[in-house]
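Quick note, the sequences are listed as chains A and B, same order.
Letter by letter, the first sequence follows residues 60 to 361 in this note's numbering.
Letter by letter, the second sequence follows residues 60 to 361 in this note's numbering.
Derived from the structure by calculation, the hints contain no laboratory data.
One or more of the hints may lead you astray.
[Said to hold, decoys possible] Cut-off 35 Å, straight-line C-alpha distance, at most; resulting in silico cross-link-like pairs (DSBU-like, lysine-lysine):
#	chain 1	residue 1	chain 2	residue 2
1	B	K194	B	K298
2	A	K334	B	K83
3	A	K281	A	K301
4	B	K111	A	K298
[What the hints assert, rightly or not] Residues from chain A that keep clear of chain B, each with C-beta distances beyond 12 Å, as calculated:
#	residue
5	N74
6	K83
7	I86
8	K111
9	G151
10	E203
11	Q208
12	N235
13	N238
14	I242
15	I284
16	E291
17	W297
18	D309
19	K316
20	Y342
Think of the CB as a built atom: it goes at the ideal place given N, C-alpha and C, for glycine as much as any other residue.
There are 2 protein chains.
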Amino acid sequence: MTVQRILIVSGTHGNEINPVWAVKQFINRKENSLNNGIKYEYIIGNPAAYEKGCRYIDVDLNRSFKESENFDQHKNSFYETNRANFLVDEFGIEGSKPCQIAIDLHTTTANMGTSIVMYGRRSKDFCLAALLQNKFGLPIYLHEKDKSQTGFLVEAWPCGLVIEIGAVAQNFYDQNIINRFSIIISSLREEIDKLKNKLIELPKEVVVHVHQGSIDYPRDEKGDIDGIIHPERINQDWKMIKKGDPLFLDSQGIIHKYERDQLIWPVFIGEVAYKEKKIAMSYTKKEVICSKKQWVQEFESF
Amino acid sequence: MTVQRILIVSGTHGNEINPVWAVKQFINRKENSLNNGIKYEYIIGNPAAYEKGCRYIDVDLNRSFKESENFDQHKNSFYETNRANFLVDEFGIEGSKPCQIAIDLHTTTANMGTSIVMYGRRSKDFCLAALLQNKFGLPIYLHEKDKSQTGFLVEAWPCGLVIEIGAVAQNFYDQNIINRFSIIISSLREEIDKLKNKLIELPKEVVVHVHQGSIDYPRDEKGDIDGIIHPERINQDWKMIKKGDPLFLDSQGIIHKYERDQLIWPVFIGEVAYKEKKIAMSYTKKEVICSKKQWVQEFESF
């Protein structure tokens, strides 16, 4: 079996409105939903939150795809738990309109540029991510081994990537950001077509930034945030830092520095939505991975 | 009587966090609350919304200072109605800690720069606004005669201005924005000191941008927004537009243009928080007002 149906999700977080608009433009202006035998399904992940202009109603939808928990009676009263179940029932690989691939479009208030987020080291994901990196030079954030952050949407599909573009404010339309999503949607369709027709060769290697954990803001005795991202650190996502580099500036004017010996590359620096998760930034380290034939083979044999 | 106590409010909207931080830094680092016989009271306008990182809990606090309505039984169940009553009871001119002046610090996602908002044409407000404009060249948005937008905080005090700084995203700390608030707070204190000591002369005139009304986004048949601010219009606050200039770009790619003959200067272009108020931008016209001696006289005789 090859790829027959692909799910494109926007508005998984209701206040990330640019991908929703990009999809709307894309559908209205350019192409129909059928392409080279592949059917594209476009859906708003969290329509209730999108309607209200907030990230979510009860809980973060993009942490709600946990098979074991979604039959929990208490959590079943959450809007997002039900929505996650609906999306899997409808578009999951065993759903009524089974999709082999899910692409989840997100924005961030951090200055990440156009980037790819992978969850774990699945061959099919590597295949798609490698092609996009090769085409555009996009950085890849490989999220793995973090027990405090699980239940991401794309993990519920056999293959799936997050496209994460920033910096852009929540609920703020930005034509440049919208254009970047349009280009990515078009390119993904092209690359998947070529893959289906066996017209593609992978690059020799991919560069990934592997998640190492996250750090919180400085806090005062009441637990309130008492430090902003240091002016030298804000908007410097993907840039390496070393021991002694500034991280935060507190209300007393004291600089809080990075104190470890290991070189790290921070991402999601100052992401507004992560304050409630007590994440001021996440640390990554750089890793070069040689491409494997298996990536394409697995992709071809869905 | 002269000025004895001044109220500085930050966080009237809970997701406008930079002024709150600026005040925190200001109090921690620089000066105490007593200055030249004037006592400064610093308060977070909407602490419950600030805690949650949202604009408000039930209704917009900065539309809740309506004397006639605040004894309405239904509205009295709103958190913000009670908070407005509390602030007036505590810091109003007849309150337990009577303040003669209220300064309300706001941020906007629109590219307004550092600006002053006045509500109506009160002499004392003109006096302060003229001094700040003279010192920094700040633009003044004079809001008046709009029955759909009333109940602003500073209107409940005999003298009061809003300081509105942007562009900055909601809930996002930006040191540049914070610094601008610090400068404004310091300068206001200096100017008020000089006024109190009769050491000041007003500029000959002030330039104001007078509110003419607001326009909504294009909408589809369901009432959903179907147009973003045109790329040539976004971030162009305070810049004059004329007939034929682009305003919006809809999902079909159609440009919606400004169709009136009158020259206008739009402000709050694309302000995220105003979508729920169905405001895509507000129109102003420019007016030059000659300074009056009465402005200082009234200020001196609080």
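Hints and how they fare:
no.	hint	result
1	B:K194 / B:K298	holds (21 Å)
2	A:K334 / B:K83	holds (19 Å)
3	A:K281 / A:K301	holds (30 Å)
4	B:K111 / A:K298	holds (31 Å)
5	N74	violated (9 Å)
6	K83	violated (5 Å)
7	I86	violated (9 Å)
8	K111	violated (9 Å)
9	G151	holds (28 Å)
10	E203	holds (28 Å)
11	Q208	holds (19 Å)
12	N235	violated (8 Å)
13	N238	violated (9 Å)
14	I242	holds (16 Å)
15	I284	violated (9 Å)
16	E291	violated (10 Å)
17	W297	holds (19 Å)
18	D309	violated (9 Å)
19	K316	holds (17 Å)
20	Y342	holds (20 Å)
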